[in-house]
Each structure stands twice: as structure tokens, then as C-alpha cells.
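Just so you know, the sequences run in chain order A and B.
All residue numbers for the first sequence refer to the working numbering, where the first residue is 6 and numbers rise by one.
All residue numbers for the second sequence refer to the working numbering, where the first residue is 48 and numbers rise by one.
If you're looking for bench data, these hints aren't it; they were derived computationally from the structure.
Since this is a predicted model, take the numbers as computed values, not measurements.
Yeah, the Cβ is synthetic: ideal placement off N, Cα and C, and Gly gets one too.
You may find that some hints are simply not true.
[Said to hold, decoys possible] Residues from chain A shown here face chain B by an in silico Cβ test under 10 Å; the list is partial: (1) P19; (2) D398; (3) E428.
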Amino acid sequence: MHAQWNDRESLVHPSSAPDYIREEQLRSLQLQRLRAITRHAYENQALFRERMDETGVSPDDIQTLEDIRKLPFTQKTDLRDTYPYGLFAVPMNEVVRLHASSGTTGKPIVVAYTNEDIEVWKEVMVRSFACAGLHSGDIIQNAYGYGLFTGGLGAHYGAEALGATVIPISGGNSERQIMVMRDFGTTAICATPSYFLHLIEYAEKMGIKWEDLPLRAGIFGAEPWTDEMRKYIEEKTGIKALDIYGLSEIIGPGVGMACEQQEGLHIFEDHFMIEIVDPVTDEAMPDGEEGELIITTLSKKAMPVMRYRTHDITSIIAEKCGCGRTIRRINRIARRSDDMFIIRGVNVFPSQVEAALLKVEETLPHYQIVLTRDGGMDQMEVQVEVTANVFTDTVRGVEAVHKQLSDAIAHILGIRVKLKLVEPNTIERSMGKAKRVIDNRQND
Amino acid sequence: MKLKQLSVFLENKPGRLRELCALLADNNINMITISLADTEQFGILRLIVSDCEAAKNILEEKGFVAKITEVIAVEVNDEPGGLRDVLQVEEAAGISVEYMYAFTIKSGENAVLLFRFDDMDKAVDALQSTGFKVLDSVALFQRTDG
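So here's chain A without its partners, still in its complex pose (with noise of 0.2 Å):
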């Protein structure tokens, strides 16, 4: 179903990569491919068949690319329910892999692969990473973890497939992995942006030197991050800081990457489809404005996807990127809606509270929030490390610091809340996805 993709070069010179291609054209690819798969899934999921037939919807209903709004949306509890093969739509000699989310809220989501969506996966990696401006010849260390969860191997094949060397590191040893970016003159990194942050305080404690690595950039994901983050460890490190977007329920890291031009990220529109829908009334939102990102699996055979409901927010940048490529962009995705906590009646989501702690000037990222629930009142405390640079001798001189920040919190989120400094490396560092909240909120 999809192109062949045996010279990696045709996959990302301009005159050939699919993330040129003319509009029209991909769109009728995106139809074409949209009917296909509906087919599949309609035919090999027994789930998506039953509420395609509630709802009197059929394959052949699929006339316009519109049409997808006639389809079920799938949600992260229907691939619970189905734990852990019910949403394959292959025999199982067809399925080459598996990948697991960690299954920290429940029971974990599995998911499959045919040998035809690990060659999608890989040229979707390829691409990303030619977004980021690497190719052949680049040293690219993958701090991803390796094994169930999706971005350590999506990385790797898609590294090797580039034709860069893989450093297959995983995640943590912070001074190994400071120590391997030296030696073995890394260019690239692949790592969640807060491990990054980590391993920044680590190599300053070692050193290290930026300006003496040939690192030139990173590519950050599988969390949410600000663009005050992004500048920071820019700031810090002199390498770019680039935004990887993927879930693991569509394929893993792939499914958009920032470009060098850095205003949002490139989503692989060949081989899936997005929507933005207002998360409360389900409604399409037009282009520019934010809502839900909805994601559909256009080539996937294993286990397609049909209009999954990210939880992400974002909105779609219809106008053209000034790096040529004519698939689209979406913003930054800084919130989730299930991050999402509500504190005196105010939403609050921990990106708010990232910016406003990057903003001040003395910028201080190693933070976390604490929320309580104190005589039926839900409280809300952000911990912030003090560092040197922001420690003077003066009791009137931390105070001012602790107000700095204060304020700007409140500025951002419209109530003021607790905040407190704490002692260097009390907050945990996480060698993966950064745990920002700690809800001690009893369900009484």
C-alpha cells in the first residue's frame, strides 16, 4: 500500500520525499489510503465493526476525506478493554512486534506491528530525523529506554535506516552517557527533554564543557515541554532543541517532528491523519484554533487506529513552512487535558507553571508540583530547586526570589499559590517521562 522506500535518499531530498509532495496529491493519497484502512478495520476489528453497525455507518460511506467524521472515535480505554489482543486485525504470524505502554494507571496497552509497519515506523523516523537536519555520517546517542516502551527501538531502526551510527545507549548512568557524548563525538541526542535537564546539571557537576562537543542537537520527546524549556537548554547547551511528537497507541515517536525552523511540528500526513475537536462538544475547529488532536492511522496494518482521542491540545498551523515542506504543522503540545487539574475553580496545567518558573530570569528548572486536599480544599505547592546563581547571602535577597517567582505564577495562572524553595536534587529525577505532579489529594 505504501511506497517502496529502498534509497533513503529518495525519502528525504525535496524532489522526491513524501513531506514535498504537492497538496492535491496528498490528499488523494490521504482518501485513498483513508478507505482502505477503514475497510480493514471494519473487517478485522470486531469493536470498530459494532459501532460502525450501531451507528449504520459504512466503509463505503467514506466518500471525502470529511467523510472520517462519520467514523467512531477510539479512546485509551477501549485499547484497555481489549487487553491485550483484542484490537489486532491481522493472524497473529503476521504480527512481527509488540510494544507496551508502562501500564502505570492500570492495565498496560499493548501494541503490534506487521513487518510492513515497522518499515512505515522507520521511514516516518527517517524523516524526523531529516527534519532535524541529520543524515549519514551523524552519531546519534538514543537515551530512549529499549524494550516494551516504543521510543527506544522507533529511534534506533529509524537511526540505522538514516544511515547514522546508533549509539544504543538507553536511558540512565547520567555520567556514562555524559562521558559516551565525549568519547564517541556524538552529534545527536535522542532523550526526554527533562532526562536532558538532568544530564545538563550532570556534565556542569563533571566539567564538561558544551562548546567542547560536537552535539549540535537534540531530539526531545514522549512528554510535554515548553518553549521557555526549549530556549533554556538551547541557551544552556548551544545545540537545538528539537520537539518529537508520537504515542505509542499510533506508532511511537514519528508521528511529527519539529523542522530545523522550529514553529511547530511537521505531522506525517501520508500515514496519519489529524483533526482538531473541541474535547467537550466533539465539534472540528478550524484550522489555527486549539482543541483536541485527533489522530487516525492511515497505513497501519497490525492495529489501525481509528480517530484516536490523544488528550492532547494543540492546533493546526495551515500556513506553509518556511523549511518547503507541505505537510502540515501543529503547535507545540505543552497540555494535555487529563494533566489537567482545577485548583480554586482555576484549570491549571504544570506547562503554565513551567513558563512562568522560565521566565524569570534566573531560570530555575527543576520543578515539581504537590497538590493536597487540606479540610475539603484542594492546595497546590510548587517546589522549585534553588540554585547558586539565584542564592544570595541575604535573607531579604531569597525572599525577593521566592516573590519573583511567586508572582509570576500568579501572573499566569490568575491565583496565587503556595511556592517553595527547596535545597538542590530533592525533586527526583526521572531517566524518562518527568513526574511534575505528586497528587497527595485523598478520594474522600
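Go by the hints and put chain B onto chain A.
Frame of chain A; chain B shown alone:
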């Protein structure tokens, strides 16, 4: 003529001060004097130690935020009016105290007053021109070792 002081940020939690003291003790660093400023949220510990740089490195390695700062040490007679006389000089020169603490030297009758002024250089000049004995680290350690 300024004296090096070590300032440490302390979170208000049980055992933290003891951990810091244990670290210095284990590394054979003697405290000549110490002062703790506390607020509801945090504390700032100020120390005069035998080896400021070494103490700073030891503390930083264990995750403390420590900074080397400067204070002015003035030696006065340990008798009524000792502090007043210093403050009079500074007030006349238009200088304010940001914080201060004091200790007495065990072998003699003198006290050492440690000051942080808003204008440190001007403060030293004012004191010296009026005949006060401003101690540098050498002079201070001579007196405390004895």
C-alpha cells in the same frame, strides 16, 4: 580587609543542620563562629570556618547550595558600648547594617563583631579612619587558634 564567610541555604526540615555539621566535622573543618537566620520557609546559615573553599566544595558535593561571601570583622573590647561605638561610626558615614553577629575570643577580653554592610568598602574606610581594628583572616585565625 574583608573576611570570607560561607553562606548556606537551608530548607526548613528536621536534621538538615545536623547533617551539615556532621559533614564539616567528618572533614575536620572547624567552625570559628556560626549564625543562623531563619524565616518561616528557609534558613540561611553563615559560617566562619578554617578553610572556606574546602568547606564549600564538601557541602556542594552533598547537594547544599553554598556561596562564599564577605563580611567585615571588627575587634572591640568586650565591654559595654563596644558595638555602639562601631555603629556610631557607620551611621555617621551613612552606612546601614544588613546583618551582623558576634563572638568573643576565648583567650582574651576582646569580642569580634561580624558585619554585612550595604557598602562594604566605605564601611572599612570609615572604621579604619576612626582607629577600629578590622581583622583579616590571618589576624582572626591568630586570635582564635591561641
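Tell me, in ascending order, the numbers of any earlier hints that this structure violates.
Violated hint (a single one): 1; every other hint is consistent with the structure.
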